[in-house]
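Student: Chain residues, written in single-letter form:
There are 2 protein chains.
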Amino acid sequence: MFIDRLIEGIQEKDNPTVVGLDPKMEYIPAFIKDKTFKEYGLNLKGCAEAIIEFNKMIIDAIYDLVPAVKPQLAYYEMYGVDGIYAFDETCKYAKSKGLIIIADGKRNDIGTTAEAYSNAFLGITEIDKQIKQKAFDVDALTVNPYLGEDGIKPFINDCINNEKGIFVLVKTSNKSSGQLQDLVTQNCKSIYEIMAEYVYEWGKPVTGKYGYSSVGAVVGATYPNQAKLLRSIMKKAYILVPGYGAQGGTARDCVNSFQKDRLGAIVNASRSVMCAYKSDIWKNEYNEQKFADASRAEVIRMKNDLNSALNEGLNQK
Amino acid sequence: MFIDRLIEGIQEKDNPTVVGLDPKMEYIPAFIKDKTFKEYGLNLKGCAEAIIEFNKMIIDAIYDLVPAVKPQLAYYEMYGVDGIYAFDETCKYAKSKGLIIIADGKRNDIGTTAEAYSNAFLGITEIDKQIKQKAFDVDALTVNPYLGEDGIKPFINDCINNEKGIFVLVKTSNKSSGQLQDLVTQNCKSIYEIMAEYVYEWGKPVTGKYGYSSVGAVVGATYPNQAKLLRSIMKKAYILVPGYGAQGGTARDCVNSFQKDRLGAIVNASRSVMCAYKSDIWKNEYNEQKFADASRAEVIRMKNDLNSALNEGLNQK
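Each protein sequence line maps, in turn, to chains A and B. Per this note's numbering, residue 58 is the first one in the first sequence, and the count goes up by one each step. Per this note's numbering, residue 58 is the first one in the second sequence, and the count goes up by one each step.
Since the hints were made in silico from the structure, they are not lab data. Mixed in with the good hints, there may be bad ones.
The list treats identical chains as one, so a pair stands whether inside a single copy or across any two.
In silico SDA-like links for lysine to any residue, alpha-carbon gap of 25 Å or less [claimed, not checked]: (1) Lys149 <-> Asn100; (2) Lys266 <-> Glu220; (3) Lys149 <-> Gln243; (4) Lys186 <-> Glu345; (5) Lys81 <-> Asn214; (6) Lys95 <-> Met114; (7) Lys189 <-> Pro86; (8) Lys81 <-> Asp185; (9) Lys191 <-> Asp145; (10) Lys261 <-> Gly205; (11) Lys92 <-> Lys189; (12) Lys210 <-> Ser247; (13) Lys292 <-> Lys317; (14) Lys186 <-> Gly98; (15) Lys292 <-> Leu240; (16) Lys317 <-> Asn361.
Chain A extracted, bound-state conformation:
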């Protein structure tokens, strides 16, 4: 099961962190871009090749420290077909290094169209009756629940059949997430609570040996109080926590998404790791050429930050 593999990866590396691979051009050191632009041209292909090179160097620097990476599809789609090629190459490379891959696509649709999305990321595409081929080779996908169960079930089928996982948006980290998610229904429940109840139900058929489900949820670190409530509703759900660092969430805020067993959540960091060499913490120690070393240092710093907060916070639970 996906969730068992994820938990074992977290335990093995003693690190509940997923590194977001959101490779904006401005993050990539000039020496990489200069090289790929020279070789492939000042075009989408040149950008895509720079992304591949940058991601590979980040992965090389961190694969022994974190269980998983989370490429954000938007940052690949914006480079067109070449960008999607870069996404695919990144996933293949991450896989070769033993990393679990959570594709952040927030995909959503209904019926056979949801099946097609699930096929793309979590399934196997049928070419012919005998021949099947994987479109992309990832382990889990973020999905959006606006369309209800019709939009979720096809993904869950692939979680069951192919040992994959999903993370359903429940309470997102952004300021305006409340416009819809915080609305309170006539039963005195908020939308995010109702979604959490669905996530709990949907996840039951894919519960693994540690008591967690391959149907997880996204709950932003920027809403620690809501996280506490949601943690209690979705007892079996692994929570993917965005919003640590750059968006203002602290390690202490993240603790609310964990359970007493020290499991239950995985915290994402994207910019703070990819751009560590530009950050106030690391910029004096590492120059652009040493960007990957800065990323490694930041991953270690974050791991210690989270583990300290967990030691402190879980004792108080």
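Mind docking chain B on chain A? Use the hints.
Tutor: Showing chain B alone in chain A's frame:
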């Protein structure tokens, strides 16, 4: 403005129809697949080339009859990088035939990530300070509002700056759409009503010369009563109507999404057009070799069906 171009396309062709390009392998005649599998192999590339050929023949058969096409991204993503190439080629070909392209991707995210998605479909990707390149060249994109305004505004900025459009999911055509969308808040309003009020507000800055906005909405034909209410809330929104035909919505059901000016909605048909040659209506008249002629016949039948229902229905309004 996008919406003015869409309305002029609808008026010129006297047809408020958008043809969905959802090219499942089972829809594509054997003679096309045999050819591309022979040339490119029994693999994702072979499928992608079959899709391109199939779509081009459909487009050739219908481009003078409809204003717009709506490729559904899921059916391209499921063929990996090659599938995205097929999406891109399809868009380029449709554009060369003067068609408006609505990419059905239901994209959603926040802040700079939403900007990246918008960039991919509605914007221009910056390669370098001087050089910009389009990732994909489409006119509009469907988007999902679960994350609130932070997830919508970046797309609206491109609607303003680049004369593009979006269609925001409000009430989707599927059975379980009510699980979230029909929930009633303590103000006695349903989620779909509240989303419709947002769509109305969000759309104001991009209102065109016919009084409609480039911020449209998706409201399924399968919910005609809700459509009537939503039509009255979102006075300026163009409504993209899925669910006609295969999903059970009738032309009469679609009329509720139009206004008295005969404008305000565009009805999607995917399977009924792409698979017309297999349908009970057309299978005796057209064989597999003539599949595109069957699609053309179905587009004409649907146009007449919608226009009759509009003549009848709008008189009663």
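Student: Against which earlier hints does the structure fall short, listed by number upward?
Tutor: 3
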